[in-house]
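Order-wise, the sequence lines are chains R and Y.
Going by the numbering used here, the final residue of the first sequence carries number 451, and the count climbs one at a time with no gaps.
Going by the numbering used here, the final residue of the second sequence carries number 1278, and the count climbs one at a time with no gaps.
Careful, some of the hints might be misleading.
To be verified - Chain Y residues, not near chain R, derived (Cβ > 12 Å throughout): (1) Gly1048; (2) Asn1077; (3) Arg1078; (4) Asp1081; (5) Thr1082; (6) Arg1112; (7) Glu1163; (8) Cys1184; (9) Ala1211; (10) Glu1214; (11) Arg1238; (12) Asn1266.
What the hints assert, rightly or not - Per label pair, the in silico range of CB-to-CB distance: (13) R/Glu27 with Y/Pro1124: 36 to 46 Å; (14) Y/Pro1124 with R/Ile270: 57 to 67 Å; (15) Y/His1231 with R/Phe260: 27 to 37 Å; (16) R/Phe350 with Y/Asp1081: 13 to 23 Å; (17) R/Met346 with Y/Ala1101: 14 to 24 Å; (18) R/Gln371 with Y/Gly1177: 21 to 31 Å; (19) Y/Gly1177 with R/Ile270: 36 to 46 Å; (20) Y/Arg1156 with R/Ala37: 53 to 63 Å; (21) Y/Gly1177 with R/Phe442: 30 to 40 Å; (22) Y/Val1107 with R/Gly26: 51 to 61 Å; (23) Y/Asp1103 with R/Asn295: 46 to 56 Å; (24) R/Phe350 with Y/Lys1267: 48 to 58 Å.
Just so you know, these hints were derived from the structure itself, not from any lab.
Heads up, the beta-carbon is just placed ideally off N, CA and C, and yes, glycines get one too.
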Amino acid sequence: MTSTAISTADERRSRIRAGLSRRHNGERLFRALGVTAIVLALGFVALLFTDVLRKGIPAFTQSNIRLEVTFDPELLKVDPAPERAAGQSDADFRAQTLAWQRQVAMLNWNSVIEAALRRAAPAGLEIDSRQILAIAETDARHRVRELFVANPDLLGQTVTVDLLASANVDNWVKGNINRELGDTQQQLPAATRALVDRFEAEGIITQGFAWSLFTNVDSRSAPASAGLLGALMGSLWMMLIVVVLAVPIGVGSAIYLEEFAPRSKLTDLIEVNINNLAAVPSIVFGLLGAAVFINWFRLPLSAPLAGGLVLTLMTLPTIIIATRAALKGVSPALRQAALGMGASRMQMVFHHVLPVTFPSILTATIIGVAQALGETAPLLLIGMNAFVAAVPATPVDQATALPVQIYLWQANENRNFFEPRTSAAIMVLLAFMIALNAIAIFLRSRLEKRA
Amino acid sequence: MDMLAGKVKTTNQTLDSAMNPTEVLDRPIRLAARDVTVHYGAKQALHGISIDIPDRAVTAFIGPSGCGKSTFLRCINRMNDTIEGARVGGTIKLDGEDIYAPDLDVVELRARVGMVFQKPNPFPKSIYDNVAYGPRIHGLARSKADLDEIVISSLRKAGLFEEVKDRLNEPGTGLSGGQQQRLCIARAIAVGPEVILMDEPCSALDPIATAVIEELIDELRENFTIVIVTHSMQQAARVSQRTAFFHLGHLIEQGRTEDIFTNPVNKQTQDYIMGRIG
């Protein structure tokens, strides 16, 4: 026995005991650090969410003005809408209708709005046209004109119309601008401000749910009517492209690489490169997309097709890596059982390995798609930050995407109006993501139960 | 034991005669291995194994851990093909047909040589689908009724049918360990293999489940050629008619089970049987 050996049971116990408190302290310290890290992380998330919610929730209401609009024949000097005469040719009738519509478009619809606003204002109020028209959003004339085109019989009649108040009125009503500021710093003239307060008191200006946020496309000339519909559809198109392309290609290559490819220098090289691709900054994928899809394949700029392809490239490594990890995790016993039964490699993979890995592959895919949904940088490089005031009907139409819309809105010069809008758009994007993740979790738990 | 009847010439074999077997068996030979070697990368795991495995009898491979008995078993249905860097030399013939011939389809071979693994590994599917899987992929059943028939008779042969007949649609993974292993045996025999390889089929089971499986193996040998790898010498003695002793990648001694256990020729075999190595 050497001199360092411990001879008695008592000595052994006392040695163990001497180290115990140090070991327990170490554990306590580690636990405390872990809790601190989690509290800090959750704290920042909570801070972010409170800030976004606090700023964004007001943007989900909009200021509406209810006006009695008179389609005054004095102001609207327009011929009666053409009616189809017996024996008139199609082309002839269409030309006639077009001429009438052009005439309607040329009318001064602002004068109708102004008249309606003046009627709502107290009699004899001294206010000029510019000042009173600043109350309604500039798209009001289009709304009223559309009503008339849809129903030309309105000429000479008075109808109640709900119109959007302008962004500046919205700011004033919601208190987004300091009411104590002097005239030079206010967005609205003093006379307009006084009238808006009066309208609000009389219930002509009211707050309602901001449907325009979801039913309108982006707008610069009429900021109060700016909405997310175009960006939402653009994002949906891109997600569709990513799901259709990235999932089969990614899962397929992962299966081939993991299950079929012979181990060689080449497959090692491919594996290293896929891992590297996953770490490539997304803006580089944007450059690649601009060079390949736009300059070479001549795909249209700002189209969800080009954006979807770029995001597909970006998502592929994520899906491949996650799928391979899931396939690697399948127990060798299952593979041997299948092979031992005389299943071919393909049958082993598709009958046994894939079904058990399906939940993990699905989760990885949805997380990859969610990542793509939130990606902005590569889209900027293929022109998706262009101002697009249309809903993309096909993947080759010009469009923008939700995160890009957020980027555009946060840079809008009408700060106090677009700050809440930006936060609202963030909330819509987050809701989208949470929905996707919820689907992933739901499907996963369901499929795992079944397996 | 019918194995004892007939002309049994070689009982006491030396290493030399094991490598160059000339013995005449009382049953036709199903599997004949000659000079089988296996390398895992640079490491040689098996050194020139030559053995004849008789039809419709149980042959047991015994030996200490790492002796190569499982490796050799896995050569017989070419499961070693699935291991990266494994190289197999020599010849193994099933009914005179070289199973390592280039034109042999390994899928067909594995349908003829079934395997039961150490740890019960039923598919995460229903009991019915577990047993029906083999006949389905090999296209053995002409109709649903046919398939039902195969599944039920296989479960019966594996002695499991009475226990599971009311829950054929429940997952096979929900059965007890012993039942799972019998399910794996049913799954293997559903394809109608000629040879069944068992790689320590009872090592994960309790003594009662083990006894049930051993009884089953004894019944199955009426119809199948069985090769079993086992850690337990008692098990080898109980279920097998022929025994081969492996040590450090060499086949040390083979012969009738009775002779190996009562009268081993080789010193290493003796030591192992007496519990001095292993």
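Worksheet item: Any Cβ of chain R at or closer than 12 Å to Y/Asn1266, or is the non-interface label fine?
Response: holds (32 Å)
Item to complete: Determine whether the Cβ-Cβ distance between R/Gln371 and Y/Gly1177 falls within the hinted range of 21 to 31 Å.
Response: This hint is violated: roughly 43 Å between Cβ atoms.
Discussion item. The output says Y/Ala1211 does not contact chain R. Does that hold with a beta carbon cutoff of 12 Å?
Written reply: holds (24 Å)
Worksheet item: For the pair Y/Pro1124 and R/Ile270, does the Cβ-Cβ distance stay inside 57 to 67 Å?
Response: violated (31 Å)
Worksheet item: In this structure, is the beta-carbon distance linking Y/His1231 and R/Phe260 contained in 27 to 37 Å?
Response: With Cβ atoms ~35 Å apart, the hint holds.
Practice prompt. May I ask you to test the hint 53 to 63 Å on the CB atoms belonging to Y/Arg1156 and R/Ala37?
Written response: holds (60 Å)
Practice prompt. Starting from the hint 36 to 46 Å, judge whether the C-beta atoms of R/Glu27 and Y/Pro1124 obey it.
Written response: Distance hint for R/Glu27, Y/Pro1124 holds at roughly 38 Å.
Practice prompt. Run the C-beta distances from Y/Arg1112 to all of chain R and say if the shortest one exceeds 12 Å.
Written response: Not fine: 8 Å to the nearest Cβ puts Y/Arg1112 too close to chain R.
Worksheet item: Is the gap between the beta carbons of R/Phe350 and Y/Asp1081 within 13 to 23 Å?
Response: holds (20 Å)
Practice prompt. Measuring Cβ to Cβ, find out whether Y/Glu1214 lies farther than 12 Å from everything in chain R.
Written response: holds (21 Å)
Worksheet item: How does the Cβ-Cβ distance of Y/Asp1103 and R/Asn295 compare with 46 to 56 Å: does it lie in that range?
Response: Hint holds: Cβ distance 52 Å, inside 46 to 56 Å.
Worksheet item: Does the Cβ distance between Y/Gly1177 and R/Ile270 fall inside 36 to 46 Å?
Response: About 41 Å separates the Cβ atoms of Y/Gly1177 and R/Ile270, which means 36 to 46 Å holds.
Violated hints, listed in ascending order, are 2, 3, 4, 5, 6, 8, 14, 18; each of the other numbered hints is respected by the structure.
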